[in-house]
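K.L.:
Can you make the complete structure from the sequences, with help from the hints?
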Amino acid sequence: MLSKAIIQDIIGTVLKHGGDFAEVFVEKKYQNRFELKDGKLEKANTGTIVGVGIRGFLGTKAIYAYTNVLERENLISVAKRVGEALGEAKLSDLVLNFDDKNLKNRHIVYFNPKDIEKDKKVDVMKRAYHSAKNFSELIKQVAVMYWDYDQEVLIANSEGTWAEDRRIRTRLMISAVAEHNGNMERGFYGPGAGMGFEFFDRINVEEAAKRAARIAVRMVDAEPAPAGKMPVIISNEFGGVIFHEAVGHALEATSVAKGASVFAGKLGQKVAAECVSAVDDATIPNAWGSANIDDEGVPTRRNLLIDKGVLVSYLIDKLGGRRMNMESTGSGRRQDYTFAPTSRMSNTFILPGNYYPEEIIAATEYGLYAKTMGGGSVIPGTGEFNFAVMEAYLIENGKITKPVKGATLIGKGYEIIQKIDMVGNDLDRGQGMCGSLSGSIPADVGQPTLRVSEITVGGRNK
Amino acid sequence: MTFNEFKEKIFSLAKKDGFEAQVEFSEESEFSIRYANDDIDQYTDASKFSVIVKVLKDGKIGNSFTETLENPEETYNEALSSWKIVDSDEENFFYDGKGKYLNMETYYGEFEKVPVKEKINFVKELYQSAKCNEKIVMVPYALFQNFAINKKLSNTLGLDLEFKSDGAYSFAMAISQDTSNHSGVWLKVGKKPKDLDPKEIGKKVCDEALSLLGAQTVNSGKYRVILRNTAFDDMLGLLRSMISAENVQKNMSPLKGKLNEKVGSDVLNILDVPYHPLSISNRPFDDEGVPTKEKSIIENGILKTYLHNLKTAKKDNVEPTGNAIRSEISPINLFVKPGELSFKELVEKLENGLIIIGVDGMHSGANPISGNFSLGARGYKVENGQIVGAVEQITISGNFLELLKNIEDVGNDLFVTFGTLTPSVLVKELDVAGK
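First to last, the protein sequences are chains A and B.
Counting from 1, position 326 in the first sequence corresponds to residue 340 in this note's numbering; the numbering is continuous, with no gaps.
Counting from 1, position 106 in the second sequence corresponds to residue 176 in this note's numbering; the numbering is continuous, with no gaps.
Quick caveat, the hints were computed from the structure, so don't treat them as lab data.
Given the structure is predicted, the values throughout are model-derived calculations rather than measurements.
Among the hints, erroneous ones may be present.
[To be verified] Derived lysine-lysine pairs resembling DSS-like cross-links, with alpha carbons at most 25 Å apart:
#1 A/K94 - B/K127
#2 B/K326 - A/K57
#3 A/K57 - B/K222
#4 A/K147 - B/K274
#5 B/K127 - A/K54
#6 B/K384 - B/K326
P.N.:
Structure follows, in structure tokens:
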């Protein structure tokens, strides 16, 4: 994308004017986004973004600039501005020898989205549409979104890193609306992977669509969820979003380094119930949140975060590492070149325990079964989270009795992980987009079915 | 290749194939400084441009985008191959630019003249003022950002427009601590440097965090509630989605079939205004080139119009309203008309109940199709017209349209964010879940 000579010049120019570290991120991303509504393809958008991010550090001070005018003169002038904003040139006579990491690609792709005709992609969308629409007469609307991209990145820095990666991702999202007696409810399911078009040989498109339709149909006639504190069983797969939001974000260097996280200074301490172990693993082949290297050129790895309730690692990027005096954990990520990278999750999940999900339900006198989680958010400084439950059921006397809708779970992350008292054996992962300081990035969440002894459920009072 | 050469090339390729074409060029620059831990935490100085190409034939549009002007053929071909797969029966249009455009000032150019040193001092001051008290244990971030946008929009029907806009905003968060942590945030937008005072914003942030010390949950039940402007601003996201004619036509809005019906209380007036002196989101035309204009959305509680782009307007046989923003339909400035009472008077009128100052989870706990919401919330408890304590770890839930009908009064305390301007509202009854 850019020659070695020019990248060398950019890094040299930054350091000539200031700072003790300089980095160049070059990105080219081709992507397709299609939208199908009521069975007809309504929007099709394809395009390419190309740009460069230039970053410099002086101690823990960081300056970031980006541009997509790739002429040498402009790049050098941007690099100069970065250096000047840093001040104090410390490495002005740096001689760069790039060490090409040339890592083995762990994420083999068979069919690059670029090489697949657009109408083949539309066929998949239509299959999903018909399956969801025909699920029930109550299904009134079905929207199907298709998204794929091919992102090529190059990261070079003044420490001699020269690393390239190619991330190919494909995702299908189905949204179904059921209507009955004047009530409308939406169901959603959006499987994705770090794969090309072969993804659709690996998943059952029709079943995925039915799942969205099932949620909408089950919820449309549901009673409002009860309100108050109660035991909550959170189902596997996308249920892991609660750990992602309520704990994962608070383990990111971004909040830990500032002391903004409730987990700051807690390494080696017990922060969760003993039945809780969790990892962040960007090395899983072809997973949605995987990559060979992070967006700072550091090889990714499997990071054990919590081991039997004890906090063993944070998620650290280079700048966070400088602030915390720790090594990067390969967790520096960004949406694209318009964002400076920061510590982020990749594929984050709670490890399996011993219980069958049925056992956990049978052991619960009264509570909420959160079968499918919606989205949520958290304030890292206070640990407060909130989540919508897209599909929920009431548990009475150890049995699932009826669907309930409109439930929201609120609480504080560090309290919830201490209150997990049963962990199931059915670990699975679900796909989502995670939004934070460095933009919106693909991330897997995951967990087995588990029970929290008490969470505040926001429902409606009768 | 210059933008004009690129554009002419696209137009000639389209003409040869019997297509109409539209090219949108936007150039954006941003400068931001974020402060944390007594130092600059992030500093961004950036600019980029992007080009969107649309081709139109038989009422169908194909889209593509690029960030280089070197390959007009490739960009055109991607738009063409997108066009080929579109099979929607919906009829799409381009606009010929023959309408009357409002004259408005949207570019001042003052922020880009402020030296970087002064911007750094601004953020330092903001950070320091947010730390106004020893009970503030942390200021996780204090930020200043200014931006400028330059847009050009042309098509083969003769549309040829240009628009320049700029502005800035600043916000910060402070964390106060007693037995647990509480957060306070405040945001202000400005068109000129004099609109933003770091001390004033910082003080607000600090006061907000301190005001939540000692916060408790409350008993679950129904309460009289004030949704303070900061919270109602967030919740209006639901209305944005409901008034889009596209959502209405697709059965994705509970406002379908309610035109000229009562959807809110008598005291509720909501407009879309293309220009408001306090907004940094003003625009003379939308992303299809259609002139923007002022209109009542809800007038004395009655729904007067949906918001349209060219396509939805044609379908409903009405004039387009100038609300095509990116690929969505959106108000330019959603403006809730202020009432008579000050915030203090509104609290006195509430007498007993809760004030909600912030909600969490709008993107997950609120359903714009049904209007149902269940949101994490924080605020204060009010007894006999006085704030008596702070409230946290509760949720508020209900249906947004029921809520609009239950609005008893509207304050005069306008709060301005990005394209939303709203005062606080007093709501007769809302479900609250706590203990």
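K.L.:
Checked against the structure, which of the hints given earlier come out wrong?
P.N.:
Hint check: 1 and 4 fail, others pass.
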